[in-house]
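Each chain, written out:
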Amino acid sequence: MLKELYNYRELLKTNVKKEIRGKYKGSFLGILWSFISPLLMTLVYAIVFPFILKSTEPHYVTFIIIGVLPWTWFTNMMANGTTIILSNAGVIKKVYFPREILPISVVTSGMINFLISCLIIGIFLICSGIGFSPYILLLPVVVIIQFLFSLGIVFITSAIDIYIRDLEYIIAFLVNILFYATPILYSPEMFAGTPIATLIKLNPMGTIINSYRDIFFYKQMPDIISLVVLIGGCLGFCIIGYFLFKKLSKGFAEEV
Amino acid sequence: MPKNAIVVKDVTKNFKLYYDKPSTLKERLVFWNKKKADVHTVLKEVSLDIKKGETVALIGINGSGKSTLLKLMTKIIYPTEGKITTNGKLTSLLELGAGFHPDFTGRENIYFNAAIFGLTKQEIDKRLEDIIEFSELGEFIDSPVRTYSSGMYMRLAFSVAINVDAEILLIDEILAVGDAHFQEKCFSKLEELKNSNKTIVIVSHSLQSVKKLCTRFVWIHEGKIKMDGNEKVIDEYMKVCG
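Those protein sequence lines, which keep their order, are chains B and X. Using this note's numbering, you'd call the opening residue of the first sequence number 33 and step up by one each time. Using this note's numbering, you'd call the opening residue of the second sequence number 95 and step up by one each time.
Errors might be hidden in some of the hints.
[As the list claims (entries may be wrong)] Derived Cβ-Cβ restraints for the label pairs, each shown as a range: (1) B:35 to X:273: 38 to 44 angstroms; (2) B:255 to X:132: 32 to 38 angstroms; (3) X:240 to B:198: 31 to 37 angstroms; (4) X:232 to B:160: 31 to 37 angstroms; (5) B:196 to X:132: 45 to 51 angstroms; (6) B:288 to X:236: 55 to 61 angstroms; (7) X:183 to B:79: 54 to 60 angstroms; (8) X:217 to B:73: 52 to 58 angstroms; (9) X:223 to B:211: 48 to 54 angstroms; (10) X:199 to B:173: 49 to 55 angstroms; (11) X:233 to B:164: 38 to 44 angstroms.
None of these hints come from the bench; they were simulated from the model. Fair warning: this is a prediction, and the values are worked out from it, not measured in the lab. Idealized CB from N, CA, C, for every residue including glycine.
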């Protein structure tokens with residue numbers, strides 16, 4: 033499997049390039065849009081939520097942007113990733129190539145976008161006077177966890193979506209719910225000691241976003257045990273997703 | 095070294111025929127018991143060995159199963175029963191311009207398209223000049239593909255496909271590209287590939303051109319091989335279907 037992927041590495045590269053640069057070609061601001069959209073969302077949250085929540089964190093804008101940017105990566109994956117096989121129907125029907133290239137390139141391009149948008153987090157950290165800590169070196173670990181988690185989901189959803197087209201709408205709904213179940217606009221400490229706190233702990237995106245917050249915002253060590261559990265769990269999940277994808281991929285050309 | 099480039103052994107391919115395919119969850123739940131679909135057998139226990147260096151034409155009327163056989167060879171679809179093995183790097187020209195992105199330039203799209211065929215960057219770099227020269231696009235190569243005429247688009251796509259340098263080439267009815275001059279050029283390129291000991295399988299209805307190019311002819315009729323041999327197959331085919 034790895035050998036075939038290696039042989040097709042150029043396809044992976046050009047696909048990532050097409051995803052990142054092709055998406056905004058022809059629009060005025062081009063690739064800047066992938067940063068402007070989350071910034072505008074952050075602006076809206078930063079204006080609205082202090083009214084709803086009685087007390088907010090100090091540096092609330094910086095606090096939420098650290099949650100919003102990884103979340104944007106995740107929702108983009110759920111939206112574009114689920115339909116990636118369907119939207120490439122033309123190529124799937126006519127040319128042979130390892131189909132897993134498509135999900136992998138979507139998640140990889142999302143990751144590159146996110147890594148670039150980390151510069152925005154950096155700017156906010158400097159402007160708010162929070163600054164940096166050595167824990168920032170743990171960023172790659174958290175990014176890899178989110179990569180594996182997203183890839184596992186995309187493997188499964190993109191393959192099933194070919195057979196049951198409703199899936200993309202179900203996913204869109206679930207992602208909306210998950211947004212409120214993930215500590216993006218609030219801090220999990222608000223629910224300390226209640227069952228909600230346990231629920232948040234069970235949500236992998238919750239742990240992922242908490243870890244980003246730890247290394248950027250609170251400048252402390254993330255919960256190592258959860259990270260280790262998560263890295264193992266996500267890797268296993270990704271492998272299961274891959275085999276399911278591989279099995280279902282034989283019917284793609286006939287079903288799309 | 096194996097002598098056979100493609101071995102097709104007892105291959106049967108069924109397609110499910112849905113009169114109204116239930117594709118949403120609601121339909122699947124409502125019509126749970128009605129799921130039985132008619133099965134349409136396109137290929138029935140077909141066996142075919144193609145040797146290295148052979149140039150084979152698959153002929154037959156519409157719906158006889160020749161394109162399905164070609165798709166099975168490329169591994170786009172998989173047989174219901176039986177097995178297909180191929181030896182050597184395989185390229186299928188079932189569609190031209192796969193993976194082209196309209197907003198990128200011709201030069202960039204050469205990379206996209208060639209990458210789908212499994213080439214690495216160095217391999218594409220090496221062929222880039224040949225591809226551009228063959229396409230006769232000149233300065234247009236650095237314009238976005240969406241500005242191309244359909245003829246230019248096809249010329250670029252064919253130039254990439256033909257320069258991929260595979261050991262086995264599978265071609266589905268695409269010999270009619272561009273004007274007479276360009277067609278002539280494609281044809282001589284195929285001749286050149288044939289003489290350099292590549293294995294070529296062509297599905298075509300233009301009997302005159304395949305007669306000139308190919309050495310072996312396989313007539314497929316209703317999912318079975320009706321005749322297999324030299325030019326006489328074409329004559330027989332003409333008598334029945336021409």
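We went through each hint and held it up to the structure:
1. B:35 to X:273: 38 to 44 angstroms: Once the Cβ atoms are compared, 42 angstroms apart, the range 38 to 44 angstroms for residue 273 of chain X and residue 35 of chain B holds.
2. B:255 to X:132: 32 to 38 angstroms: With Cβ atoms ~57 angstroms apart, the hint is violated.
3. X:240 to B:198: 31 to 37 angstroms: 34 angstroms, holds
4. X:232 to B:160: 31 to 37 angstroms: This hint is violated: roughly 55 angstroms between Cβ atoms.
5. B:196 to X:132: 45 to 51 angstroms: 22 angstroms, violated
6. B:288 to X:236: 55 to 61 angstroms: This hint is violated: roughly 33 angstroms between Cβ atoms.
7. X:183 to B:79: 54 to 60 angstroms: Since residue 183 of chain X and residue 79 of chain B have Cβ atoms about 58 angstroms apart, the given range 54 to 60 angstroms holds.
8. X:217 to B:73: 52 to 58 angstroms: Violated - the Cβ-Cβ distance for residue 217 of chain X and residue 73 of chain B, about 43 angstroms, lies outside 52 to 58 angstroms.
9. X:223 to B:211: 48 to 54 angstroms: 51 angstroms, holds
10. X:199 to B:173: 49 to 55 angstroms: Violated, since residue 199 of chain X and residue 173 of chain B (Cβ atoms, about 39 angstroms apart) do not stay within the stated range.
11. X:233 to B:164: 38 to 44 angstroms: 49 angstroms, violated
Violated hints for the displayed structure, listed by number in ascending order: 2, 4, 5, 6, 8, 10, 11.
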